[in-house]
Amino acid sequence: MGFQRSLPAEAGPAGVAVVSGRSLARAVSWVWGGHVVGQAAWFGSLIVLGALLPPKAFGSVAIGLVIANAAALVQDAGSRGTIVLTRQLRARDIVRTVVINLAIGLAVAVVVALAAGTIVAHFDAGAEVMVLQVLVLSVAVRALAIAPMAVLQRTMQFKLQASALATSMLIAGVSSIVAAALGAGVWALVVRQLAAAGLLPLFAWLVARKAIRDELAAPPRARGPSGRKGAIWFFLLAATDFVALSIDSIVVGNSRGVAQLGLYSLAFTLAFAPLTNFAWQIGKVVFPAAAQTAELDLIVRRMLRITRLTATVLLPLLPPILVLAPVLLPAVLGQEWKAMVVPFEILVAVGIGHAILVALGDSLSGAGVVAWRARVHVLWALGMVAALIVFVRLDGITGAALAHLVLFVPFALAYLVWGTRHLQTNARALLGALAEVALPVAAQFVLTVSALVALERVLAPLPAALGAAAIGLAFVTGAFARLTPRLGGECRDFVRALVSRSETA
Numbered sequence: 001m002g003f004q005r006s007l008p009a010e011a012g013p014a015g016v017a018v019v020s021g022r023s024l025a026r027a028v029s030w031v032w033g034g035h036v037v038g039q040a041a042w043f044g045s046l047i048v049l050g051a052l053l054p055p056k057a058f059g060s061v062a063i064g065l066v067i068a069n070a071a072a073l074v075q076d077a078g079s080r081g082t083i084v085l086t087r088q089l090r091a092r093d094i095v096r097t098v099v100i101n102l103a104i105g106l107a108v109a110v111v112v113a114l115a116a117g118t119i120v121a122h123f124d125a126g127a128e129v130m131v132l133q134v135l136v137l138s139v140a141v142r143a144l145a146i147a148p149m150a151v152l153q154r155t156m157q158f159k160l161q162a163s164a165l166a167t168s169m170l171i172a173g174v175s176s177i178v179a180a181a182l183g184a185g186v187w188a189l190v191v192r193q194l195a196a197a198g199l200l201p202l203f204a205w206l207v208a209r210k211a212i213r214d215e216l217a218a219p220p221r222a223r224g225p226s227g228r229k230g231a232i233w234f235f236l237l238a239a240t241d242f243v244a245l246s247i248d249s250i251v252v253g254n255s256r257g258v259a260q261l262g263l264y265s266l267a268f269t270l271a272f273a274p275l276t277n278f279a280w281q282i283g284k285v286v287f288p289a290a291a292q293t294a295e296l297d298l299i300v301r302r303m304l305r306i307t308r309l310t311a312t313v314l315l316p317l318l319p320p321i322l323v324l325a326p327v328l329l330p331a332v333l334g335q336e337w338k339a340m341v342v343p344f345e346i347l348v349a350v351g352i353g354h355a356i357l358v359a360l361g362d363s364l365s366g367a368g369v370v371a372w373r374a375r376v377h378v379l380w381a382l383g384m385v386a387a388l389i390v391f392v393r394l395d396g397i398t399g400a401a402l403a404h405l406v407l408f409v410p411f412a413l414a415y416l417v418w419g420t421r422h423l424q425t426n427a428r429a430l431l432g433a434l435a436e437v438a439l440p441v442a443a444q445f446v447l448t449v450s451a452l453v454a455l456e457r458v459l460a461p462l463p464a465a466l467g468a469a470a471i472g473l474a475f476v477t478g479a480f481a482r483l484t485p486r487l488g489g490e491c492r493d494f495v496r497a498l499v500s501r502s503e504t505a
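Residues 1 to 505 in the working numbering are what the sequence shown spells out, letter by letter.
Please note that a few of the clues may not be correct.
[Unchecked claim] Listed next, with one range per pair, are the computed distances between beta-carbon atoms:
1. Gly432 / His122: 41 to 51 Å
2. Gly257 / Arg209: 43 to 53 Å
3. Ala438 / Pro410: 53 to 63 Å
Just so you know, the hints here were simulated from the structure itself, not pulled from any lab data. Quick reminder that beta carbons are idealized off the backbone N, C-alpha and C, glycines included.
Input sequences plus hints: build the corresponding full structure.
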């Protein structure tokens, strides 16, 4: 596996290095392309495991994953953001990151192991205590990957970062399927998590060695914060994201039990994949690129293009997902999973909405507006806690999904109205960039539903849903090609960057 130097930069004002648009497109393509392999294996293994294991098995690991993800987000936030933004990286910064995060990981593992019985009794009734105790070991192991992955992000070497992630997820996904086929039951899900957590640090340190050496020898950057004063805001931002996106599992587990939690956890994981496994990965490019760019106008132009590209990729998938989910999910996973369909459909719409806002959010962080973001996310998280308690009591896992939908509206409005102002632009500019995508997709949705109603009169549910989805996708593809040529050009630029990545490898 070869090493990739930092992406070329354009000269900005006063000698400030600015990442070029072509380099940014190539970096995004590496993140996206590298994730295809890893995520195909990761989510493919999840679907296979869903067919092999009952909902209760997924519920048994859900709370452990919440704890592991909470610790991972907290570990990752301040350390990663500071390494990316600091003017000059020193060896002690890397050592401090490793020591602190490993200590946090070990402490979490010990505390959870001691309290596992109580945690399971209150939030995951019916689950195995030992599953939780073993699962949280992934927190300590994964901590070792934070520093090298942050250096790769700082230097925008996303080819190496994507290869480490994809390889670890591929091996972990295959290993879990083998374990399930051999009768491991719920432990196959534990194997999946531990293997991914253990392999990522190994691959990350292997591919980041040269990047670390080069960065430690590099002079201070011309732009960026001169200390660690932003770490607390990155920490708070990550902590509130965790609360808002994970507290639902705790509320559902406490209120509805392990089987319902299993249904909900799989629905949420699949539905929020556009956010967690697509948009967040692109955000890893947007954030350091914005941090290295002095001109807000350039940051805004890139943000609008990436937002439009994200919407172009994700929004046309929503209508076919909505019509296929009621027939495909029970057919693939089994009838015992049918209750997850409606929550999944609600959550996937919310997940795509959040994904479209990622480029704006990470541009704000890169431009130094992370404190404002953290405050908004605190309010969002507090609102999610209150809404979930009420909605889950009223309507179970469907209520949990509705809570996400209701709270997304003020969250999105905050970014549209006030977030855009921090970049010296406005909501009209952002909505204008999205309109040329949203209008054809709205027509696609109407056509897809109409086609489904017509086809169900003559075909079985699955062929009717497949036919309706195909008709809608064909329409929106043609609409993009004929009515919005700029979208076609941007998509061609992205594909061209994807195809030409090897030129700079």
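(Q) I'd like to know which numbered hints this structure contradicts. Please list them from smallest to largest. (A) 3
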